[in-house]
Each structure stands twice: as structure tokens, then as C-alpha cells.
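Novice: Construct the complete structure from the given sequences, taking the supplied hints into account.
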Amino acid sequence: MTRKPRVAIFDFTGCEGCELNQLNFEDQLLDILAHVDIVEWREAMDDRAGEYDIAFVEGSLSTPDCIKRIHDVRRRAKVLVALGTCAVTGGVNAVKNTRPIEEVREEVYGQDKYLFPTLPALPLSAVVKVDHNVRGCPMTQIEFLKVFTALVMGKRPIEPDYAVCVECKLRENECVLERGMICLGPVTRAGCDAHCPTVGQYCIGCRGLVSEPNIAGMEEILVDHGLSLDDARRRLQLYNANQLEGAK
Amino acid sequence: MVRFFLERDRVADLVKHLMERRTVYAPHRKGRRSFAFARTADPAAVVLDYPRTLHSVKKFFLPPREELLRFDLTDDTFAAGEPEPSGAAFLGVHSYDVAAVRRLDHNFSAGNAERNYLVRRQGAVFIGVGFEPDKFHFSGSVGIEPDDTAGCDAFLTKLLDGYVLEILTPTGRELLKGLELPPYEGNDPPAHPFQQHIYVPQSRLGRIMDKSYEHPVWAEASRTCVGCGTCNLVCPTCYCFDVQDHVDITATGGSRERTWDGCMLRGFSEVAGGEVFREGLPERQRHRVLRKFKYLSDTTGVPWCVGCGRCTAACPAGISIANIVNRLVGDAERTPVAPI
Chain A
2 MTRKPRVAIF
12 DFTGCEGCEL
22 NQLNFEDQLL
32 DILAHVDIVE
42 WREAMDDRAG
52 EYDIAFVEGS
62 LSTPDCIKRI
72 HDVRRRAKVL
82 VALGTCAVTG
92 GVNAVKNTRP
102 IEEVREEVYG
112 QDKYLFPTLP
122 ALPLSAVVKV
132 DHNVRGCPMT
142 QIEFLKVFTA
152 LVMGKRPIEP
162 DYAVCVECKL
172 RENECVLERG
182 MICLGPVTRA
192 GCDAHCPTVG
202 QYCIGCRGLV
212 SEPNIAGMEE
222 ILVDHGLSLD
232 DARRRLQLYN
242 ANQLEGAK
Chain B
47 MVRFFLERDR
57 VADLVKHLME
67 RRTVYAPHRK
77 GRRSFAFART
87 ADPAAVVLDY
97 PRTLHSVKKF
107 FLPPREELLR
117 FDLTDDTFAA
127 GEPEPSGAAF
137 LGVHSYDVAA
147 VRRLDHNFSA
157 GNAERNYLVR
167 RQGAVFIGVG
177 FEPDKFHFSG
187 SVGIEPDDTA
197 GCDAFLTKLL
207 DGYVLEILTP
217 TGRELLKGLE
227 LPPYEGNDPP
237 AHPFQQHIYV
247 PQSRLGRIMD
257 KSYEHPVWAE
267 ASRTCVGCGT
277 CNLVCPTCYC
287 FDVQDHVDIT
297 ATGGSRERTW
307 DGCMLRGFSE
317 VAGGEVFREG
327 LPERQRHRVL
337 RKFKYLSDTT
347 GVPWCVGCGR
357 CTAACPAGIS
367 IANIVNRLVG
377 DAERTPVAPI
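Protein chains in written order, with the working numbering: chain A, 2 to 249; chain B, 47 to 386.
What the hints contain is simulated information worked out from the structure, not anything from laboratory work. Computed from a predicted structure; not experimentally measured. Glycine included, every Cβ here is placed at the ideal spot set by N, Cα and C. Take these hints with a grain of salt, some might be off.
Unchecked claim - Stretches of chain B that chain A covers, calculated by requiring three or more beta carbons in the stretch to come under 8 angstroms of a beta carbon on chain A:
#, region
1, 273 to 281
2, 290 to 296
3, 300 to 312
4, 327 to 336
5, 356 to 365
Specialist: As C-alpha cells, this is what we get:
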């Protein structure tokens, strides 16, 4: 390798939890820096750069300014990686898309709403080409490092496209539904190593859906386990509002 | 056949006896209402009266995740993993799970022998235990009774106040030598009836499956199927896997890992170029069922489903493989089979 790849990290609409998680890689940070130069990262440094080999982008797009900025990032980046569920699916932010945009704007900003233009929360892929995804709310270190390593090696990262159930089974977890809880694992994309079910929680679907989800089937499963259809839909909507809108 | 009486209070003595001689894997409680095979540390924690474990003993011979080799990118070398013979005593295994291991033995030894499985399989001793069928078991319909001792070195049959311990092989006799037990001279304990059945034997199922390729049941069963793959992953005779290479963060080396996979999962039938050759859930559902009752069964004469009921019990949507098969049987019996 003649020079180290230049990496930049950007944030849009989100809680910055994914980025914070990157700063928490104390054990791997030096290894990461051995392979790349981080040239721009608002949350951690002051420098700005012109061009980058890899841009990691967190957050959904929810204002006209976001749209302008993401085009700018895309122009400067050879590879663009969506970081975290907000960037990949629109995430929790997209719940607002289920209501009229003006109503949401007024509820949040009241009479000052004209100062804050807003758009439905979109995944990055709705506006620019996204090369790879790191899912999760927040994204996990394990998965970030897998994608990162693949990119540094010049390989295509493998994104899991199977349900969290698979990972529960690989760990021989007792089924969450068996424990009397409601779980979105059957349609939620794996990659988290079934973290929540393994520690006694249920899956809330934070990684978005598998690529061909049977939503009607999942709704029926949830109803069979005691939810009303409305509750089942709300539960599925939490991280998948954009996808479910599209599916309708 | 040598039969002994094992009083209920002395089950722990049996476990201790085994633990002094071998590593013991037996069913233990897991979670709120599940059971799993685990290495026994405390004889009192072993549960012999259980409906089914989450996974079968397959997991000890074909682990869910397994490192096949480690490679070094600095000098382009690799070292394959060295699996060890289990040599363990598997206590409290149900007849259908022993039957499943025998089917896997065929899968991993016919054609290209699979070293890792076969090495791990060496020295395994099975001490079976009878079971009371619940609403999901239907092993009787595929020729495996609850007190079927095939493949076992010893077998426990439940009585009101204990167990009949039957010694079946020289290995079993050797292992249980020194365990002082009175002989059992009573009658055979009564067999428990099955609540779930498949209505025809395998000898007729192959042709029924032939006729059922375009049957509407595949689409109907897929209405609530979410394609989560649970049915594959809990199946004691499913043996498909995926292999992936993982590079360490230092980029100087990494490992090749094998992971259980399943034909209900989309990625399983995705090939180079991105084409998915079994596109929808109905096609995958059909493939799963035919894998159990046709493809391997046509050549071996036995169903590859052992009737443990795991896929049905674990399915989040409650899809029943026995119901699917019975539906096909019912429709095929109504339609005359064309002469060959």
C-alpha cells in the first residue's frame, strides 16, 4: 500500500451514539489508525479535509441542508458507508414520517416552526449511492470492525441478510417468545449476535428488516402472541417506518 | 440382555459413576422452560424427564460455529484446526436424536468423508432414555419408538419409582461396571402413545412427494412463514453450513469459520452473480420438506426426518411439518397415482 486510505466520519440527524461507539474502541483504535488516516471527524477533531477514500456517515437526512451536505460528502468520497440504523433505514427518526410533516413540525417547534425547515427522515440511500451498511442502534464494534477490515483489505464486506433468530439458534438461546415476551427477531436483520435476547431482553428490531420480510406473517405472529394489530404495527414501525410505508 | 433396576434416588449415583470415567453431557434446564445438553458438573442438575432439548447432540459433533483453520497473511501459511474425539458419555438422549446422529454419520462419511465431524464423533457413548410423546413428537410415524434402543450402549426406561437400566453393548457394560444395581425382573413398562402422526410410511411418501411438487400447500404454509430459518437450525438432521473467512483487525491473518446454515434462508440459495435460485418461501419450504422425506430417503429408504417435533415446536408461526405432510398424503390418496 503506497499510502494509507483517508477516512472521514460525518453525522446527520441522529444521536451520535454510533460515533460515540467508535470512540469507545480503545483496544482497537491504534490498530485502526495503523491502517488509515482519519482526516475529518467533527466529534473527535478539528481538521477538515478535501477528499476521502472512505466516508462513514451517521444519521438520517431530515432537512434541506442535510441533502446538500450528503451530496457534497458523496462527491468527495470514493466509498460511502452508512453507519448505524438512522443512516441505513432512517431509523427511529422516520417514525415522524407516519404523520403529516407540518403537524410534526408544529409539535416540535411551535410558532417558530418557520425557522426550521424539515423533511421526512430518509435513509442515505434515498438520496445518494451507499456502498456498504453497518447496522444497529447503535452499531456494534464487532460489525464496524468487520466492515472496516474488509474495506482496508480491498474486499467486499458481507452484510448478513438473515434473521436474528439464526443467531439465537447458533447460541442455543431459549426463544424469547417462549419466555412470554414479544420479539421482532424473526424479521430483524442479524449481525448483532443476538445480543439482546442473549442477555434476557427481546429484540426491538433496531437493525432494520431482512431483505424480503414477510410483514403480514410477522404481524400475525405478534397478534398470536397477544398484541393488537395496531400495537404489532407500531412495534414494527419503530425502526422500519420507511420500509413499511414502501411495502404498503 | 441385562436389565437392572435404578431407583429414582440413585440416578445421581449413575451420573457420578459416569463422571468418574468420562466427560458427561446430559440434558439440563435452560431458561424458563427449555432444556439443553450441557456438560454435567453437578449430578443433581441432570434432567432425564424432558420433552426435547433446544438442540440435539449434533452440536457436539458439528458445532454451530467452528474455526476450520487459521491463516497468516504475512507468510501465506495456514494451520487447520485439530478437532478432538469426544469420547464422552451422552446421557439421557432420546431415541430420535440417536437416530439423527446415525443419519448424520451417513451424511458425513458417504462420498467425501468429513474429517472434523467424524473425529469428534469417535468414542461417543450413548445412554438413551425413553420419553413421553407430547403434541409435537411423531417419531413413531417414521419408525422410531420412544423405547427404541438402536445406536445406544445402554438405555433407561422410566418406571414410577425409577428406571430400568438396560445394558446393550460391551462398551456400555464396561462403562457401567462397578455400579452395583439389583436386577430388574418386572414386566416391560407400558409404551406411551403418540399424539401426532404422519399417516403413511416412508415407502409411500416418496411417490406422494413426487406428485406434490406443484401442490398449493407450499404457498399456504408460507403465508405466515417469515423465513427466519429456525426450523432448519433446530433440526437434528440438517447439516448444511456456510464457510467464511474473517481477517483480524491487524490485517496480518485471520480465520476460516464454518457456521450452520439453512435452506429456508435467502442467502443459502444465493449464488455468484447475485441470483437466488429458490426465490420465494414456498420454494424453500418445499425444498426443506423434500429434503426430509424424499431426496435422501429415496436412496436410503429411511426418512431424514426423525419426528422430534423441534421445527414445529420452535416455529414462531407454528407451522407444522407433520400437518404439511399429512395434507399432501390426504390429497394424494384422493387422487389416483398414475401407473409408472
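Novice: All the hints need checking, so say for each whether the structure fits it.
Specialist: Hint check results:
For the region 273 to 281 of chain B, the proposed coverage by chain A is satisfied: 6 residues have a C-beta within less than 8 angstroms of a C-beta in that chain, meeting the threshold of three. Counting residues of the region 290 to 296 of chain B whose beta-carbon sits less than 8 angstroms from any beta-carbon of chain A gives 6, enough to reach three: the coverage restraint holds. Remark: the region 300 to 312 of chain B is confirmed as covered by chain A, as 5 of its residues place a Cβ nearer than 8 angstroms to a Cβ of that chain, reaching the required three. Counting residues of the region 327 to 336 of chain B whose C-beta sits closer than 8 angstroms to any C-beta of chain A gives 1, which falls short of three, so the coverage hint is violated.
Here's how the region 356 to 365 of chain B fares: 4 of its residues keep a CB closer than 8 angstroms to some CB of chain A, so the rule of at least three is met and the hint holds.
Violated hint: 4 only; the structure is consistent with all others.
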